[in-house]
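Could you put together the complete structure from these sequences and hints?
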Amino acid sequence: MINQFFTCQSCCQCQFKGVGKTRASEIPTLTDAPHVARARTLARRARSVRASPTMAECGGLHSGSRRHTMDKSITLPPDEIFRNLENAKRFAIDIGGSLTKLAYYSTVQHKVAKVRSFDHTAKEATSDELYEITMQEEVTARLHFIKFENAYIETCLDFVRDHLVNTDTKVIKATGGGAHKFKELIERKLGLRVDKEDEMTCLIKGCNFVLRNIPHEAFVYAKHADSEFRFQTTQPDIFPYLLVNIGSGVSIVKVESEDKFERIGGSSIGGGTFWGLGALLTKTKRFDELLQLASKGQHTSVDMLVKDIYGGSYGSLGLTGDLIASSFGKSATADKGGFSKEDMAKSLLHMISNDIGQLACLYAKLHSLSRVYFGGFFIRGHPVTMHTITYSINFFTKGEVQALFLRHEGYLGAIGAFLKGAEEDNPNQYSWGENYAGSSGLMSVSPDMNPMQRARSGTFDMLEMDRLERKLVNLPLLQDASSYIPDTVDLTEDALAREYWLYCFEEALDGVVKRALASQPDIPEAAERAEKFRQKYRHKLQTLRHQPFAYGSLTVRSLLDTREHCLNEFNFPDPYSKIKQRENDAALKYYQKAVQSLEELSWEERQFALVRGVLAGNVFDWGAKAVSDVLESDPEFGFEQAKRQLEERPWLVDSYDEWFERLKGPPHKCALFFVDNSGVDIILGVMPFVRELLSRGTEVVLASNSSPALNDVTNGELQILTESIAAMDPVIRAALGEDRLTLVQSGSSSPCLDLSRLDKVLAMVVRERKTDLVIIEGMGRAIHTNYYAMLSCESLKMAVIKNSWLADRLGGKLFSVVFKYEVPAAGIDSPALTPS
Amino acid sequence: MDTAESVVDKKGASGPFHVNNGPSPRGFHGNGSCCGGGSSPAAPEEAHHLHRGGEDAECNGSPAKRSRLRRRTESVKRNRPPFPWFGMDIGGTLVKLVYFEPVDVTAEEEQEEVENLKSIRRYLTSNVAYGKTGVRDVHLELRNLTMCGRTGNLHFIRFPTQAMPRFIQMGRDKNFSSLHTTLCATGGGAYKFENDFRTMADLELLKLDELDCLIRGLLFVDRVSFNGHPEGYYFQNPSDTESCVKKTCTLDNPFPMLLVNIGSGVSILAVYSESDYKRVTGTSLGGGTFLGLCCLLTGCETFEEALEMASKGDSTNVDKLVKDIYGGDYERFGLQGSAVASSFGHMMSKEKRDSISKEDLARATLVTITNNIGSIARMCAVNEKIERVVFVGNFLRINTVSTKLLAYAMDFWSKGQLRALFLEHEGYFGAVGALMELLKTSEDP
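For the record, the sequence lines run as chains P and Y.
Under my numbering, the first residue of the first sequence carries the number 1, and numbering increases by one thereafter.
Under my numbering, the first residue of the second sequence carries the number 837, and numbering increases by one thereafter.
Some hints here could point you the wrong way.
[To be verified] Chain P stretches covered by chain Y per the calculated footprint, using a threshold of three residues with CB under 8 Å from any CB of chain Y:
hint : stretch
1    : 300-308
2    : 352-358
3    : 758-768
4    : 792-798
By construction, these hints were calculated from the structure, which means they are not laboratory data.
Small disclaimer: the values here were computed from a predicted structure and weren't measured.
Glycine included, every Cβ here is placed at the ideal spot set by N, Cα and C.
In structure tokens form, the structure reads like this:
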């Protein structure tokens, strides 16, 4: 929370003095501060940003403008950093000891695919098509957060000013210890009034925001585990928690609600102590270098251990011999020349981490809090300190409390300051989502972890969050929302699965690019965008190969979502729109025939045929590589053929008998059906099944994606399809008319399904209708996610496995069937939802 | 309460050593709790009176009383361990040694006394320094104390743990093993050096738990008082440097107390009775850390030197205060501008590093360590719901900067709820406790 350290003390306008001097006077040496070396590299690659008069003046103050020209040429990769500045408003800045975080709100205009029913009365249908697809410009709100070293602050402010086209913003919210030092510079450069906000308030606001809106925000750090980062599932209720902010000193804050928090304690032994004392002891100036020294040292030569006093352990107290009895206890007696810098730094690191951990535990115990988050520059992105703090917390609480860290910890202040300034927009009434395409991911600027990414964006780290159109909430039918984990396999932990899926997505990339291009045949620059998409997504995949933890737990879902975000980024909102359209049209023609043949069956036969229909329909999936190959090579691959492809019973997972028995019983009150693909799947598989449910007297709520993902049917498309079917089918027509068949959007735009982030309206309908059956269809929604989801009512998960690797893993084969009918164990209470 | 007679009769149950040899009826019948294992402490005034002048009491009184007394002393004598009586606490940095010098040695006894026993007694009592590093804290000597029926002076000696090998060597040279005494030792060194004592000096240590000894010794010294003066003290008006004064006190009704023992490291105990206590926590930031860091930062070599420097320094040149960051108080959180925000926080800047003195660094180190101990102790007191916090350990020796700071920190942060107490024999309670164990164990035949 407390900041220091500015290289240029004499001239507060010019933060580059130190950099310039170094560069002008000497060739690079190993003793160069890393950021200097980096600045130099950047300068070499740079395209120059137009020099500002202010900079020229400033240059005059320091003999010779040459080096300032060079300083000035520290250039930002403009297509990545500070995007969407044209529409930016509501700026906020958080200036810390070494890093600046800039936040702004902008609106992003991007294309969306909309479907619209042809008005058949107004004009002669020129084609057989049921609906038309239009590309519309839609405006969505996005939050941008950029983090960079303080050395770049002037360049960045210039850049922002030069690109800020159209803004009526007058104020910039500022926080952080450096805010007052740069106040004048910011006001002059941007022409905005600096409005300072309390640091701790901003921090807490930011923390609440990320905990609420970013899944997998918090993680446990386990140095020696297979995956160092163990991400926590989002809790329905984030309060109360303890935030231990380790800046120069330590502040311990208890947060009880959005607006209620209290600094319950603190300590003066913090990051500043490590840095200051470390600098004195080791003559090493930089914080990062001190940490590096510490990570190489052995503290046992400096510290007095229990075994140094006891010769072994102190058994009666359970203190093992390796515990530190007295930090630096050996340095008073031993030969002083004998201590290496590394050893002293290590001892100091342990001393400070243990001390903070101990205090945190005492406060957590006193206030009965079990969620303890750590932040501040001492922690930020440093595995070394996360490890020592974790160790300390484990020791002092005997494992009862886990130290939690945050992926976006460095942004909390900036987010909070931004939120303070945006209160009139009511940002907290919306749900926000991390945009994987525009965010750098955890550890992006850690030099040894990802050299590739570093070369691309230098020291710039970004977070972008999209405002979701609707507020997202938990499905009220989850048995235990706090323990619900959508994803079936965590690829962060499962290295084999990770390797396969990353390979799989990379292999599929060409096809996706082709598909994207094909969806916009008349737009000339589409090829260029498609290529950019390819590069971006490939780069994301490469990053994830090295840092599977970059965006929280890596899952098939996150890989799919990242692809959707990247497609949207380059204005390919719906690559499958035309295919979906074609297939919907084709399938509709077959609907009546399909229904008719089902009607002819006996009740028993029909129930089975309906299930087989849903499963066969689900084979039609462009998202699965095995199938898309077939689909592409053989467009005649028909519904009947699909049925023949299906595995014979007994299926891989087969509870059809139980389901059949259940059908003999009373009808369900209301079924919630999460649908999957367009075309055959929805029209010939799902709709007849729904029709039967309706005929039984069960109300049906069809939940489909809010926006496109692969060939999944969207809510917009489903509206039109349902109307067309209603026109042909009196059962559906009546149900629509009587409001027994309802279409809702899921709030999702993913081929997978996170039941903890669903549209608020859906949740409301589910409650109102007293839903007692949830049907989840498809590999993405019922296998990659939700396979183990426990619901408080009956559930049916149906999918065909269209991936041989996955089939193999589950002990089946290609086109194996999962039919999982579950009834919650007796005693599960859901009073609000059980019809009485 | 036991009467003197019952003490004698039930000595097996109550322990054989007597802090009180006074025959006065008031002493025996009024107080009675004269045994180490006793239950309640004597009121200070009375204790003061009782612990002195035993000899003349022996000669006075009625024949019946004298005979009763003789019976008692003899019965005790039968189970008394042979001299010399030592209690030893071998810590991480210092060895603390208490030595009981009998002053009631009869001529007959003197004749029987073996030569090396005499020489030990003479060596210890006629010197105040031993070798280069051994020191006798003369000002702490407890005079005319009666233990186990014998009257004598209790001497307090310390030397660095590093000198332990030489000490053991001396034990061998003086043929200590021929005296057939049990060497009661506590502290980690009792375990670490056990084998050296055995192989080098043919001595068997009786190893004792350091926390047991600490509590027993502390309660004993408080009970017998410091040569008639209370053992404890506190600071009145700790928040005000002008009117802050040291006041003596005894530990009346000492339980529960939070006992903070600051040696090389720190142990924090919640004590509910002499035998019922738990170690709440500890920290490795203790006296050893202060001295260790001071040596590295200033090149000093001894605790005394480090404290001397610290007394002259100004920690605000080294530490970053709240006002250095906020320009004044941080009112939102009720933090005073003068509070330390970041210990050594100024040292992040090179200019500041180049401009501070060694004295400033020593002071900052002392303040940092002390405040941290105070902070942890306070949290423990709150968590354990204990209002009395007693600080002991050799870190506090000649260290008024720390004692005052601790008193201030307890008072300020608890808004007057907690009181910090200190004891004059700071670091010696473990050794005293070990000696008491010697006198106790000898009762078993």
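Hints versus structure:
1. For a cut-off of 8 Å, the count of residues in the stretch 300-308 of chain P with a CB near a CB of chain Y stands at 5, and the three-residue condition holds.
2. Look at the stretch 352-358 of chain P against chain Y: 3 of its residues bring a Cβ nearer than 8 Å to a Cβ of that chain, three or more, so the hint holds.
3. Given a C-beta distance limit of less than 8 Å, the hint that chain Y covers the stretch 758-768 of chain P is violated, as 0 residues qualify and 3 are needed.
4. A count of 0 residues in the stretch 792-798 of chain P with a Cβ less than 8 Å from any Cβ of chain Y is obtained; the coverage claim is therefore unmet, three being the minimum.
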